[in-house]
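Can you make the complete structure from the sequences, with help from the hints?
Letter by letter, the chains look like this.
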Amino acid sequence: MTNHWIDIKNADVILVMGSNPAENHPISMKWVMRAQQERGAKLIVVDPRFTRTAAKADVYAAMRSGTDIPFLGGMIKYILDNNLYFKEYVANYTNASFLVNPDFRGPGALDGVFSGYDKEKRKYDKKTWSFQMDENGIPKKDHTLQHPNCVFQLLKKQYSRYTVDKVSSITGTPKEKLLEVYKLYASTGKPNRVGTELYAMGWTQHTIGTQNIRAMTIIQLLLGNVGMAGGGINALRGESNVQGSTDHGLLFHILPGYLSVPSASLTNLAAYIEKYTPKTKDPRSVNWWSNRNKYIASYLKAIYGPSANQDNDFRYTWLPKLDEGMNASWLVLFDQMFKGKFEGFFAWGQNPACSGANAGKVRTALSKLKWMVNVNLFDNETGSFWKGPGMNSKDVQTEVFLLPAASSVEKEGSITNSGRLAQWRYKAIEPIGQSMADSDIMNELYFRVRELYRKQGGKFPAPIVNLTWNYGDKDKNGKIAKIDTHAVAKEINGYNHADVYDKKATPPKLIGKKGELCATFGNLQADGSTSSGNWIYCQSYIMKDGKVVNMMARRGKNDPTKLGLYPEWAWAWPVNRRIIYNRASVDLQGRPWDPKRAVLKWNATKLDAKTNKPGVWEGDVPDGPAPPMNDTGKYPFIMKPDGVGSIFGPGLADGPFPEHYEALECPLEENSMSKQRINPTMKLFAEKEDAFFSCDTRYPFVATTYRVSEHWQTGVLTRHQPWQLEMEPQQFVEMSEELAKEKNIKNGEKVTVSSGRGEIWAIAMVTSRFKPFKVAGTTVHQVGLPWCFGWQYPENGSGGDSSNLLTPTVGDANTMIPETKAFMVNVRKA
Amino acid sequence: MSGRPEGVNMSTIEKTRKALLLSPELCIGCRGCQTACKSWNQLPGMATKNTGTTQNPPDLEPSTYNIIRYSEIPSETHDVRWLFVSRRCMHCDDAGCMKICPAPGALFKTKEGAVAFNKDKCIGCKLCVAGCPFDVPRYDAQDKIGKCNLCADRIAEGLTPACAKTCPTGAIRFGDRDELLSSAKKAGYGKVYGEADLGGLGALYAFKDAPKIYGMNENPAIPESVVFWHKVLKPLSVIGLGGAIAGALIHYAAVGPHKDDEEVK
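Protein chains in written order, with the numbering used here: chain G, 24 to 853; chain L, 24 to 288.
Honestly, I wouldn't trust all of these hints.
[Said to hold, decoys possible] Below are the SDA-like pairs computed for lysine to any residue, each with C-alpha atoms no more than 20 Å apart in a straight line: (1) G:K65 x L:G211; (2) G:K766 x L:G75; (3) L:K72 x G:E772; (4) L:K209 x G:G63; (5) G:K773 x L:T76; (6) G:K536 x G:K505; (7) G:K213 x G:A621; (8) G:K764 x L:E95; (9) G:K298 x G:P343.
By construction, these hints were calculated from the structure, which means they are not laboratory data. Model, not experiment: these values are computed from the prediction.
Spelled out as structure tokens, the structure:
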């Protein structure tokens, strides 16, 4: 989230598209409905199905799964055609004015692809996706936005093709509905009107997932909604701490704090820093990532401790590296496992046998392992895969271990929610039976693995035996009896290992004392004098007035801005900023665009306590302390190398502007936007288990998967809970009355749903909440299935099995997140 | 005269009467209320089936004191209108169940106005089923009554009923009945369902449209026969006929021959 949960109450228009907060984030609806009730805010819901969220909408628009880009592209066109964009914001705070390489061509000119496409490699050479530079190496700009090569004009050109008629014929949304949504949402282009967007897996789990979000980002920048209270673009995270786990390096390609995982060709720290530090020659751009060297050095210092110093590159060589071009995301990992490339697997807090796309392939992949460790609260379809449907347990050689894990209320620690709020939680009860906190399980493992490396040597013992592991008192064998979570949190925050000085001050000023917790990431150094396990969490556990303070445990209820920022409640990264890019919420002189909901304002006369000079920001923690932009000051988007919001986004694999491509499996022979039917850069998998079928009469209906309020993810935690199971006991498939009639299916009867990967039974829920779509002159039916069921529990099989047995093995071109929100199935009477 | 227990007099209840304000417009159908109710009241989950609707269990059960009813109805503005309405005991002021109940203390009113029950004193006659205009009371396998009691144990200690406590959107609010009524009116609900029906309900509904759209009777009332027999026969049990016998008699007179459990679930 750029903003945070409570902030939804500050919006004038709330667009829910790609999410279903009433069912999957029920608490968020408190804020949505408070905005509706108290401020007359309007809720727009765009979803293929009339959901529980749609039931609360002021405007509901049905849209065929996988057509978000045409829907939003049409909105971009509407905003531009009707001059509804926020001109001052767009001209100054985005790259709309930047001049693009004259050789750049868009999909309109090249029939569906951007310039630089290599058909063989299914990849772009992005040379032409660049800006024209002036003699100082700064992008050339035209603030009048008239130059034919400026981003603004290219944007106009790109979306001139997304006419309402065309969009309607692709999405299946009636024209007047599209216009109603466009008109209402575009009303937030005024300084005193703000719109927010709430999305989740309904946007990400597509082969064009990243571009779905990009399309909305463009809209939010055009309307000046980024940085504003009640605005932003807000990912509703699907698990309570998934934001925290992503921050701390859960994904294969990022280390904690969004530092890139090095590839093997980067053989030393200097090469790594050179490659991953964005550069700018524009003195007005803060380019915060230019501090990357400090964060990686402090990270290495945190994990390798005293053995890491400047002379040995802080043991950079010990970091695991990816082979050049290697992708180790979910689909690839299980593809490799399927091919027998793994011996062992830790399924830690997950249930891939039900949660993984193409779950049948996943289950077969598990059978190729020699061993698996299942760490969970309950046994699940993953741990018991060898006795699941279609498995001959005699043929399966995988040895499975179950390590019972403690639940969240049986351990202490922090949890980071979607709003980047890290909040400390306490242990309510001791873990039951032999179950242990995850950290204690890791501690046991680490001690044993380290002992083996110490005794037997092994191929590369240094990174293991030298890992810092000072998380509690050691017994006589050197083993820590129990992990002290506070010690971990402090390591994440980081320490000063020497007295640290601000060298820009004359004389240099002491900003951190040796041995103390580091105060803020602004103090982190590249010379080994500081450590921080995750730079964005630096300031979460600090030394204040001689006392150690766990900022995440704070419970202050003050709300000085009256916007619900609650700056003394817990702690949000970065540096307790509650709304990021907040310097875009003020005009060039530092006056809030909307004084009624001022996130920030510049007080030119008040003395800055640190510098003793006049001029301070009041309100939220600003995105950098620099004075207002004016004509010569710093740009507001400090994490971007150019300092402005990217309407033109050359960093992605599949284009600098979002372009419509159909899902890998779709009901249409042709993409009516161009000759390029599917995302030209998506990775295709080649096993027969990965088969996909478009426009195949065997699988004529569009399908999507989703969660329900009553179950948690694959249901491992909730299917064992009789109260939850009572409310949602069985796999179901929702379909329109029209489709049910066509297939002679009665409400409540058992049906079979099949795809190119597998089939399951489901109870038909025939509903007027699903309606057939009119797409390209034909009728397209869509159905929807939850993915919270599995064969193992309830034990009598009454719940059915996972709908992921149907979903395809294909992912987004940028992130590789599987496309489970748009694929093709058949439905028939069982 | 309504069935108030001795010891808690009318004026006490009027001063302290609490209520729930249920606002379907604010309900998102998440059913946190169903789970919270079972959690607090230690009620078991039962084996159910999906019958082609989200609503489950399909109706109130001896171990299910509240449910959300889901109904899809035509809409002028949307493709459909999907209503989520909390169904539970209405905690009538003039409670038909109490009026007809022949077992002293089996049903009683708390000082907050909740219609509560004592399973130990319930004789299993099921007369309350006939006396209830809302088809609320249910009987468990031991033939004992089960229904929402407004979390009588919680509210006696100044706590909020479990359902209202857990509701994320304020669709279930608990408080002083008078205050809830006036806040609903302030929010633009000219008529609040339950304001005056049956002496005033303890479960008030803020309906945007006619009650029947939400599955509610326009004018709920206790069956005439129940009222009559309450006046004539019920005193017999007090005189000493014995609750069970009196109960059977009243049941026959008021409801007719006992059909079986199916009609009372």
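Hints, one by one, checked against the model:
no.: 1; hint: G:K65 x L:G211; in the structure: 18 Å, holds
no.: 2; hint: G:K766 x L:G75; in the structure: 16 Å, holds
no.: 3; hint: L:K72 x G:E772; in the structure: 11 Å, holds
no.: 4; hint: L:K209 x G:G63; in the structure: 16 Å, holds
no.: 5; hint: G:K773 x L:T76; in the structure: 13 Å, holds
no.: 6; hint: G:K536 x G:K505; in the structure: 29 Å, violated
no.: 7; hint: G:K213 x G:A621; in the structure: 15 Å, holds
no.: 8; hint: G:K764 x L:E95; in the structure: 18 Å, holds
no.: 9; hint: G:K298 x G:P343; in the structure: 17 Å, holds
The structure is inconsistent with hint 6 alone, although it conforms to all the rest.
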